[in-house]
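Residue numbers (this note's numbering), protein chains in the order written: chain A, 11 to 456; chain B, 11 to 456.
Note that these hints are calculated values from the structure, not bench results. Just so you know, even glycine gets a beta-carbon here, dropped at the ideal spot from N, CA and C. Please note that the accuracy of each hint is not assured.
Reference listing, derived: stretches of chain A covered by chain B, where coverage requires no fewer than 3 residues with Cβ under 8 Å from a Cβ of chain B [as the list claims (entries may be wrong)]:
{"no.": "1", "stretch": "38–50"}
{"no.": "2", "stretch": "148–162"}
{"no.": "3", "stretch": "345–354"}
There are 2 protein chains.
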Amino acid sequence: MAERDKGNVNDMAQALRIALAGLGTVGTGVINLLAENGDLIARRAGRPLEVVAVSARDRHKDRGVDLSPYAWVDDMTELASRDDIDVVVELVGGSDGPALALARRSLGAGKAFVTANKAMVAHHGMELASLAEKAGAPLRFEAAVAGGIPVIKGLAEGAAANRIESIHGILNGTCNYILTEMEATGRDFGEVLKDAQDLGYAEADPAFDIEGVDAAHKLAILAAIGFGTRLAFDSVEISGITCIRAADIAQAGALGYVIRLIGLADCVAGEGDGHRLFQRVAPCLVPRGHPLAAVTGATNAVVAKGNFSGPLLFEGAGAGDGPTASAVVADIIDIARSNVAPPLSLPVDSLEAAKPADPGNRVNRAYIRFTVADRPGVLAEIAAAMRDAGVSIESLIQQGRPEEGGEVLVAMVTHEGPESAVSRALEMLSGSPSLTEDPLVMRLIG
Amino acid sequence: MAERDKGNVNDMAQALRIALAGLGTVGTGVINLLAENGDLIARRAGRPLEVVAVSARDRHKDRGVDLSPYAWVDDMTELASRDDIDVVVELVGGSDGPALALARRSLGAGKAFVTANKAMVAHHGMELASLAEKAGAPLRFEAAVAGGIPVIKGLAEGAAANRIESIHGILNGTCNYILTEMEATGRDFGEVLKDAQDLGYAEADPAFDIEGVDAAHKLAILAAIGFGTRLAFDSVEISGITCIRAADIAQAGALGYVIRLIGLADCVAGEGDGHRLFQRVAPCLVPRGHPLAAVTGATNAVVAKGNFSGPLLFEGAGAGDGPTASAVVADIIDIARSNVAPPLSLPVDSLEAAKPADPGNRVNRAYIRFTVADRPGVLAEIAAAMRDAGVSIESLIQQGRPEEGGEVLVAMVTHEGPESAVSRALEMLSGSPSLTEDPLVMRLIG
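Produce the complete structure using the sequences and hints provided.
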């Protein structure tokens, strides 16, 4: 309890002893944060937080921080069994391998475990939460979702009185940076990606980010916590942003929309047998007045709609050493204060095994972009398929000047209708020699 | 601990027994929320939350909820001494009187106390937090600031690892509604206020809202929690929005700004003897790209800048029965989970008694609007005063057509400079027969 002692940190209860596994930018960020804000944190936590031991691959790499005060441990899984450690902080990454081994051992040994590892939590969160509950050990992962933004706390505690009806999030800073750069400069995806890599906003291998997998990890975690459902990463429908062209952003803009990679989840009553969970990561058209349209650059944001609170927006830096370290240390402070709820907000056994929802029943408006051969009759063919599938077209723009190779872009926005109708129309058109590549479908939100 | 029991609520630990004092819209909102979300909340809290007793002025008023399950108590202070109550929830309002008496008695009796009463917390928060700490009783007031937005939790726990450098907030929904309506319709303050009253967005007596006092209550609470300083409502500098004309909003708009009532606080190192706390509620010019410019209608929002997290934005409904009930019950859930930090985030004895900062040293750009007599030489007189005081003018607009009565508006934006220089210039002009009313000064932020 934080009230225990007042004033001088040295009079306080015993320090909370921390081991850091992984000394990349976030690990060194945690060390720097505790050095700079340590006194304040000790007053907030009711006791000092003290790094006792560290582990990383290369002992001799220069990380710009003095590691001499800490015990160096070569085999990080040893951290789980040291008697002089209360909290193991995992900042290694990777859904399996050493990170998972460390998590299992630490929790198994009854140690508190804090991680920023979204992939591991998305894939193994149920198992780890069970382990934590059995051992009575805290498991926390605020930094795994949306960097420095306290959105897990916001859902699990701040909005705890609500049934969460939906979650919409911009959960990947790399994608948001690329999309807003494309928007600002009119350039194409490939060029902007390259710049983003040069500037450090995108990894050398950006696949996890630009294909939507990273956002899906985070969405699955938020959905479980928000809806009280079992973590179900495998049922997240995922599309990335690689297929988005400058022309799509221009068309969306002309209609009053911006394009954002949105993680969207909702959970609605099924027919008599529990809830249906819908989880999708996909580029969407967001109207300019919507709060998520104002989110630019590498920023992250989440809107969670509670049945009493209404929409709650949480926004901030989604990555970076400082913000991520801020979230990691907030978790440690909660542990020091003995503020520990179940890792997934509800006890694992009481999480609902909601079945995946059928996206075909979802009703919304869609932007559909066709790349077609520049010849007569193509438009009629598309329009006929839409009519036959029952898709009502609200507006249609055929780009005037054929692109190189005689391709023409046809973009349309549909009236509100079930997604199954759009799928049916695209099925009819599939294989048509008029289409030079697969159509791109993006939903309108808000 | 929430892990205690899993599954069936009836197997769980004893219910947390609640007394509600005050049965206005928020009080009945709490009853409705617990009825609708009670099962979910019991699973999240690890035990059921059960309203046991209620108290309000008029027993026989129809509130649209069934009060028969609850003990009715005429004298609400009795709630503090009942053995069958764990948490007293105060939703009566008023900084003193019955609300304060109830708070003192409840905490004195060691009962947990939850309130939505910003005026009481702003004026008596230090005393009540001391009482709570002495008694080891939780004191929570999430609903006192920004309605349903978990911003106190966001600062005290989510951003706990940070030194908070500044807080900017839109903390009064009535003012934000009026300002954004004026912006959207071009109408003047008085007309829009009247509409807001008819629509229920403004009270019959709106003084506390439109004069900035309500926002100042909330700002003082956030500042204490964010900066770790003693609650200092008396040193909040307060200006309201009653002096803002449609012409000001139009001028700001022409310059790329919107006008918002901003609560602004920061805390910086003084000269050798602790920190200097600055707290101001005033209408400000916010650039259109700033997150707070996008906050329209009765919405509230807070941006807190942490030294590691960077800016964190929390946004949502700032009032209303549902959102406020959501925040009240979130506090009760934390109490049920035994998640209790000190009421003001740090123990009262360790809060710093920061001296008020001298606003004269603040450096910023200012919008200054003069109402002047329509005659030659006035502009020269103003310009000379600015020059003599060392205020550098960036742009100046003299409204072409005199208003009724021969008044002319002159609006200018200064270059960045100390506030003391602007004050000096206005002092020189004070009493000049050229000015037909006091000039309006608004700072530019962002």
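Status of the hints after comparison with the structure:
no.: 1; hint: 38–50; verdict: holds (count 5)
no.: 2; hint: 148–162; verdict: holds (count 4)
no.: 3; hint: 345–354; verdict: holds (count 6)
Hint compliance for this structure: no hint is broken.
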